[in-house]
Amino acid sequence: MSERLPCQTPGCQATILPATALRTGGICMPCHQRKLVLAEKAYIEQNRKEVNLYAGVEDPVEILKIMHQPRKYNPLIQEVSYPKTAQELYHQLTESGRERLETYAIALMEEEDWDQAEAILLSLVCFTDTRIGRGLEQLFRKGKYYPAILYKDAGAEIRDRLIELVECDPANRNHLLLALAWTYDEEVVRLFAKWRQSPPEWASELYQAPETYAHEAGWELDAGGGKRLLFHPECYHFKVHRDENKGASTAHTAVMALQTGTQSCPWCGSELTVLFDYDLQNSLVQFMQLPGRRLRIAACMHCNCYGTVFMKADLDGGYEWSEYNIVPDYLPDNEGELEEPVWHSMQLSEHPAGSYESAHWTLEAPASQIGGHPSWIQDADYPACPGCSETMKFVAQMDMEQAEDSEGIYYAFLCRDCLITAVNYQQT
Numbered sequence: 032m033s034e035r036l037p038c039q040t041p042g043c044q045a046t047i048l049p050a051t052a053l054r055t056g057g058i059c060m061p062c063h064q065r066k067l068v069l070a071e072k073a074y075i076e077q078n079r080k081e082v083n084l085y086a087g088v089e090d091p092v093e094i095l096k097i098m099h100q101p102r103k104y105n106p107l108i109q110e111v112s113y114p115k116t117a118q119e120l121y122h123q124l125t126e127s128g129r130e131r132l133e134t135y136a137i138a139l140m141e142e143e144d145w146d147q148a149e150a151i152l153l154s155l156v157c158f159t160d161t162r163i164g165r166g167l168e169q170l171f172r173k174g175k176y177y178p179a180i181l182y183k184d185a186g187a188e189i190r191d192r193l194i195e196l197v198e199c200d201p202a203n204r205n206h207l208l209l210a211l212a213w214t215y216d217e218e219v220v221r222l223f224a225k226w227r228q229s230p231p232e233w234a235s236e237l238y239q240a241p242e243t244y245a246h247e248a249g250w251e252l253d254a255g256g257g258k259r260l261l262f263h264p265e266c267y268h269f270k271v272h273r274d275e276n277k278g279a280s281t282a283h284t285a286v287m288a289l290q291t292g293t294q295s296c297p298w299c300g301s302e303l304t305v306l307f308d309y310d311l312q313n314s315l316v317q318f319m320q321l322p323g324r325r326l327r328i329a330a331c332m333h334c335n336c337y338g339t340v341f342m343k344a345d346l347d348g349g350y351e352w353s354e355y356n357i358v359p360d361y362l363p364d365n366e367g368e369l370e371e372p373v374w375h376s377m378q379l380s381e382h383p384a385g386s387y388e389s390a391h392w393t394l395e396a397p398a399s400q401i402g403g404h405p406s407w408i409q410d411a412d413y414p415a416c417p418g419c420s421e422t423m424k425f426v427a428q429m430d431m432e433q434a435e436d437s438e439g440i441y442y443a444f445l446c447r448d449c450l451i452t453a454v455n456y457q458q459t
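Quick note: to get our numbering, add 31 to the position in the sequence shown (first position is 1).
Read the hints as simulated data drawn from the structure, not as lab findings.
Careful, some of the hints might be misleading.
Said to hold, decoys possible - Capping the alpha-carbon separation at 25 Å, the derived lysine-lysine pairs in BS3-like fashion look like this:
no. : residue 1 : residue 2
1   : Lys103    : Lys80
2   : Lys66     : Lys80
3   : Lys96     : Lys225
4   : Lys96     : Lys66
5   : Lys175    : Lys96
6   : Lys72     : Lys103
7   : Lys80     : Lys96
8   : Lys424    : Lys258
9   : Lys343    : Lys270
10  : Lys258    : Lys225
11  : Lys225    : Lys270
12  : Lys270    : Lys424
13  : Lys173    : Lys96
14  : Lys115    : Lys103
15  : Lys258    : Lys115
Claimed, not checked - Estimated spans, in silico, between C-beta atoms of each pair:
no. : residue 1 : residue 2 : range
16  : Ala70     : Thr46     : 19 to 27 Å
17  : Glu435    : Glu119    : 41 to 49 Å
18  : Glu81     : Gly56     : 32 to 40 Å
19  : Pro363    : Glu435    : 16 to 24 Å
20  : Glu351    : Tyr238    : 57 to 65 Å
21  : Tyr361    : Ile194    : 51 to 59 Å
22  : Glu421    : Ala86     : 51 to 59 Å
23  : Glu351    : Gly255    : 31 to 39 Å
24  : Glu435    : Ser112    : 22 to 30 Å
Beta carbons: idealized from backbone N, C-alpha and C, even for Gly.
Based on the sequences and whatever the hints tell you, model everything.
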């Protein structure tokens, strides 16, 4: 057996075979690999070039085209970020600019570049509330019915063709029903009401009743067969404040976020968090049409990850753990104290946002907001009020990526008649 040799790296106690020493210059393989990694890192640092793809480009449409282009990773290129987000640029688009981007997306679809085309069309729908008539026609011709939000406010011709297909295309029926729900069309509302009264034969093949697909588009049928919105169209976003003067400007805001509660969770013992604290006297939240002074929506940030948690509320700022809460079977046993989260300071903007700006979470727009359509990461999950069984209305959400550089979203709901709040949670 060959005599082993000591590794020549200072401080390394490893021994190696003579054959290995010949290949590595006398050092062990782990040291050799580290040496190669350091050499590659040094080479990259010495040769990396800064590239500004936006240099000299002033047209927001052309800038957005560059932003949407797929990137192939190259460690030798450091790309300069544009000073504005895509969302901000979409807000600046004129009608002509929106039409140009829609035309560009149609051309991408012709080239079978679906990912890039989809991102552009989703951005137009969500960030600018554009009705993408020409793009939608192309999607329909190609048999693309998802993401269903792209069919928002679709015209009568597309609506009728969707209705025809839902009867005879079982493979795409789920997506077709979602697309129909997003049209917000009164004929679709009547059709859903008809199906609720007399389910079609194919309804037994679905996982849920046809009319409940409307939840994905933020509405449901009321008792009389009309459309009831499950969210407030008015929307205001929270912004992160990372300066040292945290909380200094929140005293007079319409809604404060992530306040430490005065009660403990009876399941895990951690302090409850007041996710949203509404000043109901502030004109900014008058759209909620709630009498009283304050509404506080509290949650257990630990247990809420495992199921919906209900609270009894009053309109003077009080809240209380609800007797309707049931301990989930899969709630983990926590040994010792749970670590309390440290939040960033969140400030509610006073500038209205579009109702659907965060409606499709893959756009990665900041999603902390009051009002507006929720950013469902998974399927729509509007709780039924445990007091009256009515579907609870979505009122706000907190994006954990903003709040603590984490993941997932907490969603808040309210039954106005029973004064019961609910919070649930989703993540990828």
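Hints, one by one, checked against the model:
1. Lys103 x Lys80: Roughly 15 Å separates the two Cα atoms, so the pair holds.
2. Lys66 x Lys80: At roughly 23 Å apart (the allowed maximum being 25 Å), Lys80 and Lys66 satisfy the hint.
3. Lys96 x Lys225: Violated: Lys96 and Lys225 sit about 44 Å apart, past 25 Å.
4. Lys96 x Lys66: 41 Å, violated
5. Lys175 x Lys96: Status holds; Cα separation ~22 Å.
6. Lys72 x Lys103: Holds, because 19 Å separates the two Cα atoms, which is no more than 25 Å.
7. Lys80 x Lys96: 22 Å, holds
8. Lys424 x Lys258: Between Lys424 and Lys258 the Cα gap is close to 13 Å, so the pair holds against 25 Å.
9. Lys343 x Lys270: 28 Å, violated
10. Lys258 x Lys225: OK: Lys258 and Lys225 at ~13 Å, within 25 Å.
11. Lys225 x Lys270: Distance of about 43 Å is beyond 25 Å: violated.
12. Lys270 x Lys424: Distance of about 23 Å is within 25 Å: holds.
13. Lys173 x Lys96: At roughly 23 Å apart (the allowed maximum being 25 Å), Lys96 and Lys173 satisfy the hint.
14. Lys115 x Lys103: Holds: Lys115 and Lys103 sit about 22 Å apart, inside 25 Å.
15. Lys258 x Lys115: The given pair, whose Cα atoms are some 38 Å apart, is violated under the 25 Å limit.
16. Ala70 x Thr46: 19 to 27 Å: 24 Å, holds
17. Glu435 x Glu119: 41 to 49 Å: Because 24 Å falls outside the window, the suggested range is violated.
18. Glu81 x Gly56: 32 to 40 Å: Taking Cβ atoms as reference, Glu81 and Gly56 lie about 35 Å apart, which means the hint holds.
19. Pro363 x Glu435: 16 to 24 Å: Since Pro363 and Glu435 have Cβ atoms about 20 Å apart, the given range 16 to 24 Å holds.
20. Glu351 x Tyr238: 57 to 65 Å: Given about 35 Å between the Cβ atoms, the range is violated.
21. Tyr361 x Ile194: 51 to 59 Å: 41 Å, violated
22. Glu421 x Ala86: 51 to 59 Å: With Cβ atoms ~56 Å apart, the hint holds.
23. Glu351 x Gly255: 31 to 39 Å: About 34 Å separates the Cβ atoms of Glu351 and Gly255, which means 31 to 39 Å holds.
24. Glu435 x Ser112: 22 to 30 Å: Once the Cβ atoms are compared, 23 Å apart, the range 22 to 30 Å for Ser112 and Glu435 holds.
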